[in-house]
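Work out the full structure, taking the sequences as your base and the hints as a guide.
Number of protein chains: 2
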Amino acid sequence: MFSKTCEYAIRAMIFIAQQSKDGSRVGIKDIAKGIDSPEHFIAKILQELGRKGVVQSLKGPTGGFYLDNSGRKTSLATIVKAVDGDDIFSGCGLGLKQCSDKHPCPLHHEFINIRKDITNMLNKTKVGDLQEELDKKLTFLRRD
Amino acid sequence: MFSKTCEYAIRAMIFIAQQSKDGSRVGIKDIAKGIDSPEHFIAKILQELGRKGVVQSLKGPTGGFYLDNSGRKTSLATIVKAVDGDDIFSGCGLGLKQCSDKHPCPLHHEFINIRKDITNMLNKTKVGDLQEELDKKLTFLRRD
DNA sequence: GAATTAAAAGACTTTTTTGTCTTTTAATAA
DNA sequence: TTATTAAAAGACAAAAAAGTCTTTTAATTC
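Chains as they are written, first to last, in numbering that gives the first Met the number 0: chain A, 0 to 143; chain B, 0 to 143.
Hint data in this document are derived by calculation from the structure and do not stem from the laboratory. Each hint should be verified, as a subset may be incorrect.
If several chains are the same, the list does not tell them apart, and a pair holds so long as it fits within one copy or across any two.
[Unchecked claim] Heads up, simulated PhoX-like pairs for lysine-lysine below, C-alpha to C-alpha not over 20 Å straight-line: (1) K136 - K96; (2) K3 - K101; (3) K123 - K80; (4) K136 - K3; (5) K135 - K125; (6) K135 - K101.
Here you go:
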């Protein structure tokens, strides 16, 4: 469904939301440990998200990654688009370039509702909401 | 959603259903042309599907790939499982190994209905049905 | 302002996926 | 039974995705 890169990105965003809700910042090492990902790899991903304004960061001592209140309202759709592009929102399920409502591939109609549901879900789900459930221990980002 | 390999596989299965409905067989070259795919690549994919009994084939002159009536009832789920495994049916949306109803990832609940819809759709959609729509020119496998 | 800390940048490697080519095997037709 | 046809098998190559490492830049603290 998502690329590995995108999975890490979503997990990292939720973790950062959680760790920075008191106004502090999280370092890349803690993020990597917290979401069980390769340190340098998630660093690269977050740099890209930073460039696109999806996550905030600050260098130097007491520096790290963080999300402000508006960042906590970021939808999953925003993250997925930034990382994987919008294939999942609009690409053809059978990989045809010419696929459209007027010139549909054999799976076009079967996909319409699924695609709509995925899009709705990604748009309405916000990083902050997921972080709150995590805080209540209703969901988990890793084993423990 | 699907791997490129799986996209080609589905397209090829529909094309084979169409071309072999009169009891004849289609050669790999015609398949490659008919679905706009690399010839040797789709050959390899169909060999694997042949090994798994998802498609029938015969060597020699008048040989080629074909589907009998029961093959025409093959669901997309069967093809997808044979090619991509069952990640799409049961894997965690965030790539967590430990994800389950009892120990859900942050997206687990959000994914349940989507996954169910995808599974239903893949189970109920049969190659033969898609081929019939194609015959009626209601859908397309390529440009023309 | 010098030392320290932590992210940014970017080169590099490994693995997986996708795609290509050649040889072998099996069926049919003459 | 020999020639021909077409799939099966498998080695190989290219491209993309995933992951690693080193150097540079920008903050903070002393």
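Hints versus structure:
no.: 1; hint: K136 - K96; verdict: between (44 Å within a copy, 18 Å between copies)
no.: 2; hint: K3 - K101; verdict: neither (33 Å within a copy, 23 Å between copies)
no.: 3; hint: K123 - K80; verdict: within (14 Å within a copy, 30 Å between copies)
no.: 4; hint: K136 - K3; verdict: neither (24 Å within a copy, 38 Å between copies)
no.: 5; hint: K135 - K125; verdict: within (16 Å within a copy, 43 Å between copies)
no.: 6; hint: K135 - K101; verdict: between (47 Å within a copy, 15 Å between copies)
In summary, the numbered hints that this structure violates are 2, 4.
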